[in-house]
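Peer 1: Listed below are the residues making up each chain.
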Amino acid sequence: DGGITQSPKYLFRKEGQNVTLSCEQNLNHDAMYWYRQDPGQGLRLIYYSQIVNDFQKGDIAEGYSVSREKKESFPLTVTSAQKNPTAFYLCASSNRLLNQPQHFGDGTRLSIL
Amino acid sequence: GESVGLHLPTLSVQEGDNSIINCAYSNSASDYFIWYKQESGKGPQFIIDIRSNMDKRQGQRVTVLLNKTVKHLSLQIAATQPGDSAVYFCAENLKTSYDKVIFGPGTSLSVIP
Chain A
10 DGGITQSPKY
20 LFRKEGQNVT
30 LSCEQNLNHD
40 AMYWYRQDPG
50 QGLRLIYYSQ
60 IVNDFQKGDI
70 AEGYSVSREK
80 KESFPLTVTS
90 AQKNPTAFYL
100 CASSNRLLNQ
110 PQHFGDGTRL
120 SIL
Chain B
34 GESVGLHLPT
44 LSVQEGDNSI
54 INCAYSNSAS
64 DYFIWYKQES
74 GKGPQFIIDI
84 RSNMDKRQGQ
94 RVTVLLNKTV
104 KHLSLQIAAT
114 QPGDSAVYFC
124 AENLKTSYDK
134 VIFGPGTSLS
144 VIP
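Protein sequence lines correspond, in order, to chains A and B. Quick note on numbering: the first sequence equals residues 10 to 122 in this note's numbering. Quick note on numbering: the second sequence equals residues 34 to 146 in this note's numbering.
Bear in mind the hints are in silico, worked out from the structure with no lab data behind them. For glycine and all other residues, C-beta sits at the position ideal for the given N, C-alpha and C. Accuracy of the hints is not assured; some may be wrong.
[What the hints assert, rightly or not] Derived coverage of chain A by chain B (criterion: at least 3 residues anywhere in the stretch with Cβ under 8 Å from a Cβ of chain B; other residues may be distant):
{"hint": "1", "stretch": "46-57"}
{"hint": "2", "stretch": "76-86"}
[Stated by the list, open to error] Taking lysine to aspartate or glutamate and the EDC-like style, the derived pairs with C-alpha atoms no more than 20 Å apart in a straight line are:
{"hint": "3", "chain 1": "B", "residue 1": "K75", "chain 2": "A", "residue 2": "D115"}
{"hint": "4", "chain 1": "B", "residue 1": "K75", "chain 2": "A", "residue 2": "E33"}
{"hint": "5", "chain 1": "B", "residue 1": "K133", "chain 2": "A", "residue 2": "E24"}
{"hint": "6", "chain 1": "A", "residue 1": "K80", "chain 2": "A", "residue 2": "E33"}
{"hint": "7", "chain 1": "B", "residue 1": "K133", "chain 2": "A", "residue 2": "D39"}
[To be verified] Chain B residues, not near chain A, derived (Cβ > 10 Å throughout):
{"hint": "8", "residue": "K75"}
{"hint": "9", "residue": "Q78"}
{"hint": "10", "residue": "Q93"}
{"hint": "11", "residue": "P146"}
Let the hints inform the model, and build the full structure from the sequences given.
Peer 2: This is the structure we're talking about:
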């Protein structure tokens, strides 16, 4: 089955530590996205990538970094500079044709130890 | 500063009744709209979409209505079932240098058996 796989499902971060969230898709989508979801709020865009080896900051990129070395993969690193990292992180991908919905993974819940 | 918890709007319906979930979107230049369903601990799942040149679209048990005059979107679910209990998000797609998707905060639907 085609889809988006995020791992791990739960992740704990210690003070001063960087952690990396994995996102892999086999939908052959060019575009990939990372969102942050906080309780009672809409999804906020962290980073997006429209093509391999290229990515752009979203609305809340500070304290995060990404890479896009392969079409299938778009890992997100939450750095120690992100002072409030506790949230539910969602990865999505989409076809770059006109007006296509984004498809989401099942998320990673990040908490602080 | 003090943070204030946000509470999702909640809709409770009896099993078998019809549900109507409403959404106000923000940008008159948005040309594509999507409804997503999110179950607890999972990522958003695509339900139905509509383009700005339409005012109604029907799927299986779901109908989306678009009123561009007042920037309003609604999702109607016929014969609501317990499995429909979830948070429902509307999203608007604004064409910029990329597919900028703006998500609403969501409505929590609770189905009473």
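Peer 1: Against the earlier hints, flag every one the structure doesn't satisfy and list their numbers going up.
Peer 2: Going through the list in order, the structure violates hints 2, 5, 8, 9 and respects the others.
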